[in-house]
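Here's the letter readout for the chains.
Protein chains: 2
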Amino acid sequence: MTGNKSNFPDWYQAVVREADMAEPSPVRGSMIIKPWGYGVWEQIQKDLDRRIKETGHDNCYFPLFIPLSFIAKEAQHVEGFAKEMAVVTHHRLKMIDGKLQPDPEARLEEPLIVRPTSETIINHMFAQWIRSHRDLPMMINQWCNVVRWEMRTRIFLRTTEFLWQEGHTAHATRAEAEAETLTMLEVYRKFAEEILAIPIVAGRKSAAERFPGAEETYTIEGLMGDGRALQCGTSHFLGQNFARAFEIRFLDEKNEMVHPWQTSWGVSTRLLGAIIMTHGDDQGLRLPPAVASIQVVVVPIWRKADEGEKVLVAARSILLALENAGIRAKLDEREGVTPGFKFNDWEMRGVPLRVEIGPRDVASGEVVLARRDTPGPPGKSKSAMNEVAAHAAVLLGEIQKNMLVQARAAMEANTHLVTSYDQLRAQMEGEGGGGFADIYWCGNPACETKIREDTRATCRAIPLNQSHPPDKCVVCREAATERALFAKAY
Amino acid sequence: MTGNKSNFPDWYQAVVREADMAEPSPVRGSMIIKPWGYGVWEQIQKDLDRRIKETGHDNCYFPLFIPLSFIAKEAQHVEGFAKEMAVVTHHRLKMIDGKLQPDPEARLEEPLIVRPTSETIINHMFAQWIRSHRDLPMMINQWCNVVRWEMRTRIFLRTTEFLWQEGHTAHATRAEAEAETLTMLEVYRKFAEEILAIPIVAGRKSAAERFPGAEETYTIEGLMGDGRALQCGTSHFLGQNFARAFEIRFLDEKNEMVHPWQTSWGVSTRLLGAIIMTHGDDQGLRLPPAVASIQVVVVPIWRKADEGEKVLVAARSILLALENAGIRAKLDEREGVTPGFKFNDWEMRGVPLRVEIGPRDVASGEVVLARRDTPGPPGKSKSAMNEVAAHAAVLLGEIQKNMLVQARAAMEANTHLVTSYDQLRAQMEGEGGGGFADIYWCGNPACETKIREDTRATCRAIPLNQSHPPDKCVVCREAATERALFAKAY
Chain X
243 MTGNKSNFPD WYQAVVREAD MAEPSPVRGS MIIKPWGYGV WEQIQKDLDR RIKETGHDNC
303 YFPLFIPLSF IAKEAQHVEG FAKEMAVVTH HRLKMIDGKL QPDPEARLEE PLIVRPTSET
363 IINHMFAQWI RSHRDLPMMI NQWCNVVRWE MRTRIFLRTT EFLWQEGHTA HATRAEAEAE
423 TLTMLEVYRK FAEEILAIPI VAGRKSAAER FPGAEETYTI EGLMGDGRAL QCGTSHFLGQ
483 NFARAFEIRF LDEKNEMVHP WQTSWGVSTR LLGAIIMTHG DDQGLRLPPA VASIQVVVVP
543 IWRKADEGEK VLVAARSILL ALENAGIRAK LDEREGVTPG FKFNDWEMRG VPLRVEIGPR
603 DVASGEVVLA RRDTPGPPGK SKSAMNEVAA HAAVLLGEIQ KNMLVQARAA MEANTHLVTS
663 YDQLRAQMEG EGGGGFADIY WCGNPACETK IREDTRATCR AIPLNQSHPP DKCVVCREAA
723 TERALFAKAY
Chain D
243 MTGNKSNFPD WYQAVVREAD MAEPSPVRGS MIIKPWGYGV WEQIQKDLDR RIKETGHDNC
303 YFPLFIPLSF IAKEAQHVEG FAKEMAVVTH HRLKMIDGKL QPDPEARLEE PLIVRPTSET
363 IINHMFAQWI RSHRDLPMMI NQWCNVVRWE MRTRIFLRTT EFLWQEGHTA HATRAEAEAE
423 TLTMLEVYRK FAEEILAIPI VAGRKSAAER FPGAEETYTI EGLMGDGRAL QCGTSHFLGQ
483 NFARAFEIRF LDEKNEMVHP WQTSWGVSTR LLGAIIMTHG DDQGLRLPPA VASIQVVVVP
543 IWRKADEGEK VLVAARSILL ALENAGIRAK LDEREGVTPG FKFNDWEMRG VPLRVEIGPR
603 DVASGEVVLA RRDTPGPPGK SKSAMNEVAA HAAVLLGEIQ KNMLVQARAA MEANTHLVTS
663 YDQLRAQMEG EGGGGFADIY WCGNPACETK IREDTRATCR AIPLNQSHPP DKCVVCREAA
723 TERALFAKAY
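If you read the protein sequences in the order shown, they are chains X and D. Under our numbering, the first residue of the first sequence carries the number 243, and numbering increases by one thereafter. Under our numbering, the first residue of the second sequence carries the number 243, and numbering increases by one thereafter.
Possibly wrong hints are sitting among the right ones.
Which copy is meant is left open, so a pair is good if it fits within one copy or across any two.
What the hints assert, rightly or not - Dumping the calculated BS3-like pairs for lysine-lysine here, alpha-carbon to alpha-carbon at most 25 Å:
#1 K315 - K341
#2 K546 - K572
#3 K295 - K584
#4 K572 - K624
#5 K288 - K572
Think of the hints as simulated: they come from the structure by calculation, not from any bench.
With the hints as extra help, turn the sequences into a complete structure.
Written out as structure tokens, the structure is:
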């Protein structure tokens, strides 16, 4: 592929483009997700949807459009989103002065917002559906598109429109809602590590980084290949903020009308960007087997036509064996391109495992398997032709684990215990993009602001698991009980 | 449930509401698809998506917003859709005079249309992706939401926003594109009959009913319980209309730059309405097993607590056996409601098969299975407890087939060979809602218009299979070579 990781932003765009995952659309900030990228999203949906259902949530679908008045109801929420909302004002076009334009006679009485997230419309409905404690918990999820008019966009990471799932729940007690918030955070963490092979720091956000309208926001935070952090998913404890704004009340077991406690949580197509930036290398994309649309590609190799026939027959039987074993496989029968071209092409697209088969392999009954996660000879092994499927299954499992190990090693190598403010500044100015700075922070927003202004690093997560003795804040030297991870972020 | 089929529109709304499939939203003409309705849509997606992929199409995702100038490019297309388009004109809200409103300083230079369908943006991209005959055929599909600002809405059947899939293809030759149009029509027909148990007339649309921009539109047309037709899906042969409008050209094998030939095709959440109106009865919804989120419900029956324990233990083992057999099953353990209430509840929701288990059944080792498609004693059978899963699997297969048989009988009973214009008028004014009138039609739009004005019936389909000798048009008595089905329609 063109470019390498030394120029990370260009390398990222090149991977997106050359692995044919997505491309910019003619609509500002929107993307077209092409089949190779969308296939990964489909695997993500399939696996995560199962996890969401297993934890007791039902899928449903709420409208794309939200009345402006709904958006205005929760004060922090509207403040957080008002500046990036697409507004529908007309419902018809008309030819006027030879030009097609919004028909002035078809102006909406109340403008509609294209959902940036669905708390408002969902809680409007919850207010009608929730009457008694017997209606609780109410636990729903939807897969949909949302729109946020971002000024600076980058494909997958920050786009005007993106695809996501958003879960919304209501509970009878604070404790139950808090537990739900953490349950979903853990669902996300496990999903990210087991399926995407992305190591995660699970933690609390600082007040400055909280979702508009939430009482507490939790994050699964990843560290990308350039040392910048990426928020890969969030789970919000909403307290009773939206319940109050939308007047959701239920008769509790003591026969009193009270507000329920709520949560919301989501992950998006941003995860496709996280996969690229966590696993990609100078050869292009690397896909964890669990989300690769094609897990194994079979590349036939021959020169003479009579060789070709034999090789293809053997290759087709390998393909069939792989498919019968439940492996997502493809035989690359393209003519007019060399095997070397095919090797590069599938490497760039990130297919985890390649089977190479030529006339000599057919004769010897053995083929070569080449791992995408391990370059060169160490990544190659041989397999008897009638055992390829079994070998491939084992290797795919190893690749899935190894990619997490590799990524975790990279994250750990770029996570730095920082004990002084000078060290923090040096860290953020140095090579490696800064990485995670693991510091004592007193929790004072002033210290957070100072760090951001001096270094551009922000608080990415206050890890859930804290086992440190109290110490002093790295900024103000006041008492600090918690450690926090700061980094420059996407 | 409340109401019955004698007042069909009220009955329809009652089924939607009481089976908890969907409800109107506070946004005009939009619906909220609730878990029970969305579960059916998920089954539809799963099965149809497989069929779409098996016929060589890849999923992808194009932007929700379409620049106004794109919409204007194909003349018929814009004429067909301009009157029902949601238009985004601003990208920010602002507090002005104490009121949140679109920020005048954030007006878009070019308004954006919320996609009513995606031919325009997709063909804009095809023009960049298609260069050579080696890029063809290009065959893609997307699952997404679309918006058409309909004046009269009815839940599932005609809503401002709906969910659908839209396939878009480009081919090197007219013949190949025509074949693709019919391939997808046949995919839809088989899907509707095999999975939704909805009998279909597959045919061509008249020019008046054609998709704006298509050269030919094909339909899978169903006949609903009230004798009105419903277009359940369409497949369009677009000719080179969009290719010309969007300047898509490729170098063919003779080294000439030519336009490709195209198709598009889609089905939507309207299918949920089709299921209700084809299969519903006075007890409520009836779901074909292939799309029921719950195929078998197990209802335990007892009076005394000690009986309850034994019954529940047995019921749970039945649930497990059903699930292990790959059957989507649920045990209704609700307390505080009677078994009779549960029977009615699941009947209303349309669950295809019920297992009843009480203390006597536990003692005798036999349970009762009750079919939703066959009321009363004929629908009941007994099964040994350890054979319930096997019996249920057989019965679900029979129910799936029988529902199609029942629906086909209803359609045939309400399809009338009509040989005179007087008979046509009488048919459309009579009982049974008119049904399908199977007539000779000369193809002249004037005759079609006369029928519509006199009877409100329109041409629903000119069936693909014609084996009739030429005769005379039922309206003008001129020569007619084809028979067509006319009906009042949704």
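So, going through the hints one by one against the coordinates:
no., hint, result
1, K315 - K341, "between (38 Å within a copy, 12 Å between copies)"
2, K546 - K572, "within (23 Å within a copy, 60 Å between copies)"
3, K295 - K584, "between (39 Å within a copy, 23 Å between copies)"
4, K572 - K624, "within (19 Å within a copy, 48 Å between copies)"
5, K288 - K572, "both (20 Å within a copy, 22 Å between copies)"
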